[in-house]
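Enquirer: Line order of the protein sequences matches chains Z and E.
Mind the numbering: the first sequence is residues 291 to 676 in this note's numbering, read in order.
Mind the numbering: the second sequence is residues 291 to 676 in this note's numbering, read in order.
Just so you know, the hints here were simulated from the structure itself, not pulled from any lab data.
Warning: the hint list may mix true and false statements.
The list treats identical chains as one, so a pair stands whether inside a single copy or across any two.
Derived DSS-like pairs: lysine-lysine, alpha-carbon spacing no greater than 30 Å straight-line [claimed, not checked]:
| hint | residue 1 | residue 2 |
| --- | --- | --- |
| 1 | K630 | K521 |
| 2 | K372 | K527 |
| 3 | K297 | K310 |
| 4 | K670 | K644 |
| 5 | K346 | K297 |
This is what each chain is made of:
Number of protein chains: 2
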Amino acid sequence: MNNFEFKNPTKIIFGKDTIKKLESEIPSDSKVLLLYGGGSIKKNGIYDQVKTALAKVDVIEFGGIPANPEYSVLMEALKVIKGEKITYLLAVGGGSVIDGTKFLSAAANYKGETPWDILANNIKTEKGMPFGTVLTLPATGSEMNSGAVITRKETQEKLAMGGPGLFPEFSILDPQVITSIPERQLANGLTDAFTHVLEQYMTYPIGALLQDRFAESILQTLIEVAPKVLKDPTDYKAASNFMWSCTMALNGLIQKGVPTDWAVHAIGHELTALFGIDHARTLAVIAPSHYKFNFEAKKEKLAQYAERVWNITEGSIDDKAYAAIEKTEAFFRELGIDTKLSDYTQDYEGTAEKIAERFTDRGWMGLGEHQSLSPDKVEKIVKMAY
Amino acid sequence: MNNFEFKNPTKIIFGKDTIKKLESEIPSDSKVLLLYGGGSIKKNGIYDQVKTALAKVDVIEFGGIPANPEYSVLMEALKVIKGEKITYLLAVGGGSVIDGTKFLSAAANYKGETPWDILANNIKTEKGMPFGTVLTLPATGSEMNSGAVITRKETQEKLAMGGPGLFPEFSILDPQVITSIPERQLANGLTDAFTHVLEQYMTYPIGALLQDRFAESILQTLIEVAPKVLKDPTDYKAASNFMWSCTMALNGLIQKGVPTDWAVHAIGHELTALFGIDHARTLAVIAPSHYKFNFEAKKEKLAQYAERVWNITEGSIDDKAYAAIEKTEAFFRELGIDTKLSDYTQDYEGTAEKIAERFTDRGWMGLGEHQSLSPDKVEKIVKMAY
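Let the hints inform the model, and build the full structure from the sequences given.
Expert: Structure follows, in structure tokens:
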């Protein structure tokens, strides 16, 4: 096991009818900016619950944060924060709204001239403006971590940011929100959380027995509840386990003491930036090719995953490892998630070269747990995913 | 799954040669009281590492905190805290030293006249004196939770306390400390952590699929590493998984959203108070009888535990459940832990009645996950454990 440090101060408020607890979490003398996305919260009743809970607090609203939170939109919100002397941010949404709020938390306290530098120069935020979240879409884990990914259409870029000052003070997770999420987004959430675990697990054995089992626990639980969540989002048992699994998949715990990969995300982000493909779907496109391309380096963990998660006990290590990749791809397809780039666009020729060139330009010479995936290898993986 | 709230702000610093990181965790203008136990830290080099790391800080020492931290000893430490105007506490030890330090953290800020009231009246501490820990004995999980148990010889009492203000600010976990721990204490630590998980798991199914799997993950890992830790404490892979498992067993995570039992601890504490039996050993004495006595209420989870943790797949639910109790008792015995009260004392007659009477006197009319274990039932369980 590698040495590690772990601290996660976010307060989780989990369960039925918990949105009303907002009232006691935000200081009553705050001036709050309520941030949300496309407005679905006004149709499903969540907006009303939030407003009722905040009846005694001074609240201004900023809606319209898009999926893949867009820098130019967030810069408009930043103007409101400064102009209205906002002191507390409340994200009501999924990973995009929460990630956008994290950027704003950092940008509100940033002393430099150009907030984009927080992303371009990977500046760690030690202290952001305080914020909380009401999660409306289980998927990214952003509700209990300190990272965010921001998109800039102007330059077709999608970059990560973070820092110890960007944990939500609290996050409210009411699994009942799932009943109003479209099936497509539920499938995305399941795929996203599943791949988050894979990125922290599918590397090489390092003797972190407990972390491995925790990761496998989340994968097993997602596999168990996925068909139930899609079939009947009012199934509270399935919904609550789905929601808690998504949070635990990326709150830092299972990545402590182990090598992590994240190449699937790095490559996937480019597919979103270039084609606008849903984040989760880009992961399902890249992961199988990535594991096949890096088969020798990953086969021991792939075989362990085959045995413990998929109950594949027959055959050699290679047999089991390969079967596990097939199982993973089949799992995504059963969720209704296509796993080839050509399923999403016919304009894919040259994509691999373009992504490799971008990675070269950024100086990203070695992705993955061994820092060995050079741009020419990335190019091959993307081609395998056509 | 039940509704829950979860917040654990303790910073964990885990790994080889991490004690030196103390230097950056305690504010340099602090006046520190360094608390420890019987002095083994002076023989195994931990004391020297701590003193070196704190070379630039004003430090006063208070040693001699006994196993089952004793109120009268802690009251002496409290005098030092007040007399010397201490601002920061540092526990260097196992669960007893850390629990004692939590009491001092609470008592230092307590406005009432008699600090014992914190325990007798179960007063929750919202803000204690800040403290950190260097863990020297994996077992209790006290390094990452906000609870403590304090003993008072004078009245033969052992009571619990806690509150959101009693999380350590940081805890340093260097698995190399295990090399200097006597085998008896390693066996105690393994048993203690194992039983902590059982208390939060061995109840009834409530659809908390992920929490169940996390609990099973810790049990499986402890079973896997236990013989290795006892055979060769320098086995870093075993030591590090043992240490992290003990922390995860009682840092709050696996108890969220599920019913919990804790009757084994409540009864076990009495055996320590009456006979001075090591805490962990009292748990091994009570748990098997408790599970046999409450077999009908617990058999579904017992059978799940049998299948997933002990690979017992044959037989009826009752068969599997019973076999799992036998396996658990055998596991304790393989660690060198006796599982009958008569293994520890020949003076056991009347113990069951005495404990039942104490519970009656305290008004503890219903222990366990169903609040149904009345003193007369406790009496029967203790008799089964003779």
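Enquirer: Hint by hint, say whether it matches the structure.
Expert: Structure-based check of each hint:
no.	hint	result
1	K630 to K521	within (25 Å within a copy, 51 Å between copies)
2	K372 to K527	neither (43 Å within a copy, 51 Å between copies)
3	K297 to K310	both (27 Å within a copy, 18 Å between copies)
4	K670 to K644	within (12 Å within a copy, 74 Å between copies)
5	K346 to K297	between (32 Å within a copy, 25 Å between copies)
Consistency with the previously given hints fails for number 2 only.
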